[in-house]
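Colleague: One letter stands for each residue in the lines below.
Number of protein chains: 4
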Amino acid sequence: MPDSKAARTLGIGLIGTGYMGKAHALAYRAAPAVFGDLAPVRLAMLCDATDAAADRMATQFGFARATSDWRALVASPDVDIVAITTPNALHHDMALAAIAAGKHVHCEKPLALTLDQARAMEGAARGADVQTMVGYNYTHNPAFQHARRLIADGAIGTPVHFRGWVDEDYQADATLPWTWRATRAQAGLGALGDLGCHLVSLAYGLMGPIDSLIADTQVIHATRPLPDGIGHAAVENEDTASAVVRFASGAQGTLCTSRAAWGRKSRLDWEVHGTTGMLTYQQERMNELHLFQSTGPAAMQGFRTILTGPAHPPYGDFVPAAGHQLGFLDLKTIEVAAFLRGIAGGPRHAPTFTDALAFEAVIHAIDSAARSGQRVTVTQAGDHP
Amino acid sequence: MPDSKAARTLGIGLIGTGYMGKAHALAYRAAPAVFGDLAPVRLAMLCDATDAAADRMATQFGFARATSDWRALVASPDVDIVAITTPNALHHDMALAAIAAGKHVHCEKPLALTLDQARAMEGAARGADVQTMVGYNYTHNPAFQHARRLIADGAIGTPVHFRGWVDEDYQADATLPWTWRATRAQAGLGALGDLGCHLVSLAYGLMGPIDSLIADTQVIHATRPLPDGIGHAAVENEDTASAVVRFASGAQGTLCTSRAAWGRKSRLDWEVHGTTGMLTYQQERMNELHLFQSTGPAAMQGFRTILTGPAHPPYGDFVPAAGHQLGFLDLKTIEVAAFLRGIAGGPRHAPTFTDALAFEAVIHAIDSAARSGQRVTVTQAGDHP
Amino acid sequence: MPDSKAARTLGIGLIGTGYMGKAHALAYRAAPAVFGDLAPVRLAMLCDATDAAADRMATQFGFARATSDWRALVASPDVDIVAITTPNALHHDMALAAIAAGKHVHCEKPLALTLDQARAMEGAARGADVQTMVGYNYTHNPAFQHARRLIADGAIGTPVHFRGWVDEDYQADATLPWTWRATRAQAGLGALGDLGCHLVSLAYGLMGPIDSLIADTQVIHATRPLPDGIGHAAVENEDTASAVVRFASGAQGTLCTSRAAWGRKSRLDWEVHGTTGMLTYQQERMNELHLFQSTGPAAMQGFRTILTGPAHPPYGDFVPAAGHQLGFLDLKTIEVAAFLRGIAGGPRHAPTFTDALAFEAVIHAIDSAARSGQRVTVTQAGDHP
Amino acid sequence: MPDSKAARTLGIGLIGTGYMGKAHALAYRAAPAVFGDLAPVRLAMLCDATDAAADRMATQFGFARATSDWRALVASPDVDIVAITTPNALHHDMALAAIAAGKHVHCEKPLALTLDQARAMEGAARGADVQTMVGYNYTHNPAFQHARRLIADGAIGTPVHFRGWVDEDYQADATLPWTWRATRAQAGLGALGDLGCHLVSLAYGLMGPIDSLIADTQVIHATRPLPDGIGHAAVENEDTASAVVRFASGAQGTLCTSRAAWGRKSRLDWEVHGTTGMLTYQQERMNELHLFQSTGPAAMQGFRTILTGPAHPPYGDFVPAAGHQLGFLDLKTIEVAAFLRGIAGGPRHAPTFTDALAFEAVIHAIDSAARSGQRVTVTQAGDHP
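Residue numbers (the numbering used here), protein chains in the order written: chain S, 1055 to 1439; chain C, 1055 to 1439; chain B, 1055 to 1439; chain L, 1055 to 1439.
Note that these hints are calculated values from the structure, not bench results.
All values derive from a computational prediction rather than experimental measurement.
Hints are not guaranteed to be accurate.
[Claimed, not checked] Interface residues of chain B toward chain S, partial, derived using beta-carbon atoms under 7 Å:
| id | residue |
| --- | --- |
| 1 | Leu-1092 |
| 2 | Val-1214 |
| 3 | Gly-1317 |
| 4 | Phe-1346 |
We treat Cβ as the ideally placed atom computed from N, Cα and C, and that holds for glycine.
Make the full structure from the sequences, and use the hints.
Modeller: Encoded structure:
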């Protein structure tokens, strides 16, 4: 009964208290205070691995109740939104259960380990009277949304080429022990699943859908030492992936990712080549956008570093002065606000499960192309942010 | 009765809902959820200029009650901490009243329009059984605290020279109308009061106290159009200030500020020259610190860009991954946490009214040196962060 | 009779006075004065399109004689080195003639329009008693050679991944008229021939030879207006190319090029991912090298910007102070010096025709892979710088 | 008899073969080949400390004759231009002798150790029928000249504030032995003489003359070990200097220099604050200029990085493609060309002895202000570039 859901204060049920769990908790706390147009929310229930941990974190995060049973959280009548921040392998069951219970679902990326699972989740959501949101948080950066507006306004002409990279170094150290994250069964894809899908979310937002691609992947550290110190085990999923893509628009481009790129802490960089200009962005300087326009005298042309500010909504809802900088967590707050508005009947929010399925079809296509050595056509699914 | 204050949940009374008011509100909401060691706080009462505004913002920010009477807020028994974010001219009376009421005071910078007022506030605080904190938020940046640790650890040898700049462009436009901010009576100092004191807070943290200085100031836009369109009025306070300082340590340096520096949105940059290395920082890239060390082969030396991360506490309490970036508002959350710990009997927090008085003695000394054309000795007041 | 050639002052015969012609002229003038170990050279003869132009430029550049007949220059007994800087389509005939005349050949890149022509040139050179050098000038940058030494010394462990980009914007403007440069018959490859081969020369120097690749190419401006204003003609060669490569070492990587990348004036950037660190470089800041090493405390790690200086030979032969910067033309001077030393029996210089053939096999393989849609194995040819 | 001098090929007599001597030699070799409008020059005579050294370097640099007697060089009838690149203490006598001999003089900066000597040199030159040029090479950077044109064209409105820094680290190491460079008698000023005067040359070019200033200086390493290992000797001249200046235009600004700034290899950075924009420059990236203009929508404003190219004369005389970069030595070639044109009756060149005297009056005023603790009025002397 969506009407009753909309009429009352929304209750948040959060599963997970780690990296992303905390980000969600902070964002749901902050969003209604940051944005004057949002109704307050209730932090209804928090689920962690044990009751003790759940209790402790519920106190810290300010949730009313705690549980170690995620199914109890999903079933709880005072929970209207289920936020899923658990390891990726668990997303599928949790999301399906939440949808079945008529709850709105805010799921971290990627949707699932396999494209089949993701399709099942998307199908379930589409068939239900619930709203969904997937944690492609970088799409909410005011700098990114400004880039999209600039492109739409023709600031660089027609976008004709794209390059993107998403790199970190969390698997760069050869001496790190083997974990389940190295298995395709438990972790699914490697760098593509952790990082690559973020890049696709940005590429879609800037360039539209990808039609087909060729690709290669690489395992840099083929084995890792077992934690018990006796022997090594194989790494099954990719450390790097590189794809040359064709967009539906006719543009081409490259998508590259590595989880073994020393010194890269949050590289998620891109460049859009247009017929009259160029836009570039570096995530490690997330409050800057770089614009080249081929107008005016040659002697005065150059890449312009635009510092985000109140002219780039919703930056001004956080700080009324440009150049003071939003942080990583602020993007999650914007994401939460968009979701809450969508649930309240506001403008269509994104990315939903349908959008996310489109993004994730690409990373699986990259994996597939690398395995087959052949050009792979990307299954289209829905639209994009 | 501090014991009773410490025993119960602290109630926050916030005066002001503007730029800094919102920053305080968000920070008091966030701090206990970010930091596991903090007790929860109550958002007890919010004061704004009118009852209607106060009501509306109390709802948005999540405060229990609202008022347009700041004296009522100060007097309210459920308020333990009074946070003052009003125009600077009001700080003095509000802080004195709060101290008189036995409340802890969290005051935005600068303490006051004049050094006399600041001294009165510091004296009152020192004589009372209350804790104080002043909003020199940039001192709480993990990058800044890391710089302090690096210096303490000898990473650049002995600091022997300092340069700092704090620039914005909010008064750069010659066509902006005249406001009370241009008067010394109502606004006090110009760029020095708005911006310069921030720079001093960093210089003190990095180099220790300043002994004496020479300086010059400049009014770039001597008059501004009156809002009613008939005529112009004089700008009484400085657009720029430049000082050459001598630190107590024997080091020298320069402090520069401008509120009319086009393109500078939040420049608060500094460099510390050491006997074996150099540290530099740019506030518009607030998650980076630059370190040069004169060790190793010359062919491999260079400035190193350190991206802040969990290795730079308390960054990791926000995000467990380096390079993902804190934002401006996160610094206020760290400031609030430090204050709450200090009130709870934790480690000495800073900057207190005593620290702030020391910082602000410098900006008044710069003004004085510029007016007299003579070297001015800075009145020492307390220690520093 | 090489002995006699070595015994006397070498006479330079330069064909072409344009962009590269001038660079060669200046470099042959400068090299013996810059480097104390070189014998003087004679600027013997200059060839330009007309006698008048040749005369005028010979005076300006300081050549003893002038001609509009390149065959006369090649045949001239006082010419020992023939430097070829004409349009690419002419390289083949000129080089073969010079080799046949027993002259050393300094040829601009690429060797030729087709791989068959390049093979013929390389074969002729290998079978003759002459030295060759090809103008892959960026390989002579002290920053690049330092990167090679750092890799050899293990500064980043084993190189396991490579990414490179070479972009300019000289064909970005859609309104530029059609020229012969758009034809495969007269110009050969597009961006790959102009720019891409430079990137390959650096990739080989850093990573060793490429075994195979997949690729795609794109024509952004499919037609261009004819100069006479009536109609358009087709652009036959690529504006962009993107390849995913496998090196013989097992490393993977991407090579990307565009001649239609607005704002890029001399982008020739690369990054080498190693097992313990990372090296990156940007050609538009050609005196800087960026090094990340995963050693020392995490809190102090970061990319280091190394400014080239006397510690990076032969920088110090130009300027004895670091950070003062070499320019584009200085690289050509280093190239000339290496060639002169090679001719004088010094250390093996590079890149020769054999090296260049290896580089250029890659750009033709990229073209071939893009056309066929299949993985292409690169024909190996000789070694590399 | 200037007519006869102009009518024949100018003969260059170069005194000194070190850092700057080589730069002059290479520049006089290159200039006529780079610039089509220049007549050829003769490299007539080279003077070095010993006959053997002079012979060797004359061969390397291509000078016709060599000597160890600078007076012989000055007196030689085939020498028309005397280029002085010896230690600063020798400039005065050599320049006066050359002027007395009716030779044009190209002198490295600073003119002399003391202002009195500089005045004598300027007076002698002004009273003679010779042309002079002083080696303020950074003023010839196309980026700098473009900045001057932008300011003249109103690109940033009226310049109202200036900041400049010139830093190196050649005296940063505390363990470097004491040399005569530490004495005022033999070396004159410290960082001000080596570096500070360069900054003044740029400040004058951008902002016009300085009227008065206040200043402080600092000796960081008060003593240095004597080379023989027994004891230390005092350092008499400044390691750093910092001045707050008032320009004749009414603008204010700061000038800072250090020769003990670790990591700075060629910092010579400045920023010009205008009433509608800002220009900034960093010498270690000498082919870039940064421009902020307060025009257009706020959302699109930002600092623009202009890469120098053919649109910034005379860059295009070196390389016809933007972004390919000039180097340090190319600036000296432009300086030589300007001097040769001035001698040939072309446009007034700069900086002459008169210009240099104006620059150097400022560094002596800074020294004087630091010693007296008082505001010092700068003696005006001639005009500026």
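Colleague: Hint by hint, note whether the structure agrees.
Modeller: Tested hints:
The restraint placing B:Leu-1092 at the interface with chain S is violated, with a minimum CB-CB distance near 38 Å, outside the 7 Å limit. Restraint check, B:Val-1214 versus chain S: the minimum CB separation of about 5 Å is within 7 Å; hint holds. Below 7 Å, beta-carbon pairs count as interface contacts, and B:Gly-1317 has one with chain S at about 3 Å; its hint therefore holds. Using the Cβ-Cβ criterion of 7 Å, the hint placing B:Phe-1346 at the interface with chain S is satisfied: the shortest such distance is roughly 3 Å.
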